[in-house]
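> The lines below spell out each chain.
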Amino acid sequence: MSARACCGNCRHFSNDPVQLERALPGLGALGSAHGAVRDQDGICGKHERYLRASSVCAGHEFTDPWQPGFVTTTRVYDHRKTRSQDSPTFKVKEEVAHLVGGRASGTR
Amino acid sequence: MSELIDRAINTSKAETARAALPRTEDFWAILIGLGLILLAVALFAGGSSLKWLAVAPQKWSHAPEALRQLRDHATQYLALWVLWALVLGAGAAALGYRLGRFLPAFALLYLASLALYLLGQWDQAAHYNLEPPLVALAIGLLISNTVGTPQWAQPALRVEFYVKTGIVLLGASLPLTLIAWAGPVAIVQAAIVSLLTFGTIYFVGVRLGLDRRLAATLGTGGAVCGVSGAIAAGGAVGAKKEQVSIAISLVILWAIVTIFVLPLAARALQLPTGVAGAWIGTSEFADAAGLAAAQTYGGYAGSVAGIAGTPEAAVNAFTLMKVIGRDVWIGVWAFVLSLIAATRWEATGVQSRGKAAQIWRRFPKFVLGFLLASAILTLISHGYSYAEYKKILQPALVGPLQVLRVWAFTFTFLSIGLTTRLRELLSAGSRPFYAFTAGVAVNLVVGFVLSTQVFSGFWASLGQ
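For the record, the sequence lines run as chains A and B.
The first sequence finishes on residue 108 if you use the numbering used here, and the numbering steps up by one all the way, no holes.
The second sequence finishes on residue 1464 if you use the numbering used here, and the numbering steps up by one all the way, no holes.
Only chain A is shown next, with the shape it has when bound in the complex (with noise of 0.2 Å):
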């Protein structure tokens, strides 16, 4: 089986809430990117168009499960919640590490 693309793990792909409201002027005064009704939608760097997670195009490139800011089908992992220990990312790093031949999880 192997993943299916979609914008939610694609490199071109941010959703990070502080960086959306910097990215969309105003966002933050009248609405917010913490809210509910956003869902995961976020911006595509390479169409410059705001989509929704689950979209997909041509352009995927998945993003690289090594760094801090991980990027999974349906959100990116803020770096500083990565550090937690429980969180899927580090688990996921670990796995991998450990597979790959005993790279450090975190120190690539």
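Keep in mind that the hints are not guaranteed to be accurate.
Claimed, not checked - To spell it out: a stretch of chain B is covered by chain A in this simulated footprint if at least three of its residues, at any positions, have a beta carbon under 8 Å from a beta carbon of chain A; those stretches are:
#1 1070 to 1084
#2 1240 to 1247
#3 1276 to 1290
#4 1352 to 1361
Claimed, not checked - Using C-beta positions, here's what the derived DEER-type ranges look like:
#5 A:Ala58 to B:Gly1429: 24 to 34 Å
#6 B:Trp1181 to A:Arg11: 44 to 54 Å
#7 A:Glu61 to B:Val1188: 40 to 50 Å
#8 A:Gln19 to B:Ile1392: 44 to 54 Å
#9 B:Ser1049 to A:Glu61: 25 to 35 Å
#10 B:Trp1181 to A:Ala58: 22 to 32 Å
#11 A:Glu61 to B:Gly1209: 28 to 38 Å
Said to hold, decoys possible - In silico DSS-like links for lysine-lysine, alpha-carbon gap of 27 Å or less:
#12 A:Lys46 to B:Lys1355
#13 B:Lys1241 to B:Lys1355
#14 B:Lys1059 to B:Lys1390
#15 B:Lys1241 to A:Lys46
#16 B:Lys1391 to B:Lys1059
#17 B:Lys1051 to B:Lys1390
#18 B:Lys1240 to B:Lys1355
#19 B:Lys1240 to A:Lys46
#20 B:Lys1051 to B:Lys1391
If you're looking for bench data, these hints aren't it; they were derived computationally from the structure.
Being a predicted model, the structure only gives us computed values, none of them experimental.
All C-beta atoms, glycine included, are put in the ideal place defined by N, C-alpha and C.
We have chain A already, so just place chain B on it with the hints.
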């Protein structure tokens, strides 16, 4: 490597679905609002009250009186700051803001809110049109657009977080029976206005040559729930980034204008508070902006001759109209628009499947907190006569929660002005501006006719 990524994605996806909700303002607004309500209920059940902690300035005539109030209740104001700092700070931290940056900024916001709250209690405030929401907005706009809001203050300026918390608390003073009685009327009125407003903006926009995605994003922003509507529709149809920016700018621009215009127009027409609240709820574009306008108008009751109804009626009618009538449908709008965009409009090179699941995912979940708060208080007040409710429940249980709600809304009103930079809103372009303005005109007129003619008796009775 593909297998590893797949494993990573599958692991993360499952855990993220559970983890995403606590990172939304809706979740924290519900947690804080209901937490405060349950605390008040527990104290009430134990023969005590939240009254000591829910401190608020009282009416005053001369400055020394106001200063004496502050001095006498200094410990309570400090305790209230600690309470807000704890609960809002926890929420802000969960949303990714550093507590160390949030707390000093929030301390300043709290002090400014206290000053505004105190100003609103001056017995000459209405005479000089010094309604706290408008003063908060004017001062905030002035600072933000002249010297600029300091960067260190930004983490505490969370308009939506505060307004959602305030709306959940508002549920405690609205009986569930009233919501059930007024809800259907609100939904019918909102549906008529929303469809007409969306249709106007969309068709005028397309006639003016705007891209359909921009026209739809503008239309949803004007018809449903302002900035939230614009970003939900923008994401659903895959709008360009600058198109979402344009829609946000126009929504804010008109929302700010109508905060000032709607209460003044309603005042000139001497509309009852319930009727004016319904008009504001139908025609304002954002929850926070509308509450500023509704609370301003409610403040005229009893202090401006010829305005019938209670101050609460304006806020209640607004909330029923805006939250129940308009906000809850955003997921449906987004779903329908995503289907149309995917099947009928020109391709963008990005494929997006419109799934019905987004109706729930985009549902403004703080509304559930509002309804739950109403249900809790309705259950508790069951068995009390109206006289007993006024004598026992109102001062010991509902009153303190109303005070906390006013605090939350005051944080909101200050944050609106301090985060709105008008320069950023003036680059929308003329065609989107004309399309949106056409929708504003239809919205205002139809909202006025429905609130003051078709359903006027209904909305006026809210204030009885």
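> Please go over all the hints and tell whether each is borne out by the structure.
Outcome of the hint check:
1. 1070 to 1084: violated (count 0)
2. 1240 to 1247: holds (count 6)
3. 1276 to 1290: holds (count 4)
4. 1352 to 1361: holds (count 5)
5. A:Ala58 to B:Gly1429: 24 to 34 Å: holds (30 Å)
6. B:Trp1181 to A:Arg11: 44 to 54 Å: 53 Å Cβ-Cβ, so the 44 to 54 Å window holds.
7. A:Glu61 to B:Val1188: 40 to 50 Å: holds (48 Å)
8. A:Gln19 to B:Ile1392: 44 to 54 Å: Given about 50 Å between the Cβ atoms, the range holds.
9. B:Ser1049 to A:Glu61: 25 to 35 Å: violated (59 Å)
10. B:Trp1181 to A:Ala58: 22 to 32 Å: With a Cβ separation near 53 Å, tryptophan 1181 of chain B and alanine 58 of chain A fall outside 22 to 32 Å, so the hint is violated.
11. A:Glu61 to B:Gly1209: 28 to 38 Å: With Cβ atoms ~34 Å apart, the hint holds.
12. A:Lys46 to B:Lys1355: holds (24 Å)
13. B:Lys1241 to B:Lys1355: holds (22 Å)
14. B:Lys1059 to B:Lys1390: With a Cα-Cα distance of about 21 Å, the restraint between lysine 1059 of chain B and lysine 1390 of chain B holds, given a limit of 27 Å.
15. B:Lys1241 to A:Lys46: holds (11 Å)
16. B:Lys1391 to B:Lys1059: holds (21 Å)
17. B:Lys1051 to B:Lys1390: Roughly 15 Å between the alpha carbons, so the hint for lysine 1051 of chain B and lysine 1390 of chain B holds.
18. B:Lys1240 to B:Lys1355: It holds: about 21 Å lies between the C-alpha atoms, which stays within 27 Å.
19. B:Lys1240 to A:Lys46: Given pair lysine 1240 of chain B, lysine 46 of chain A holds - Cα atoms ~11 Å apart, limit 27 Å.
20. B:Lys1051 to B:Lys1391: Measuring from Cα to Cα gives roughly 14 Å; hence the hint holds.
The structure is inconsistent with the numbered hints 1, 9, 10, although it conforms to all the rest.
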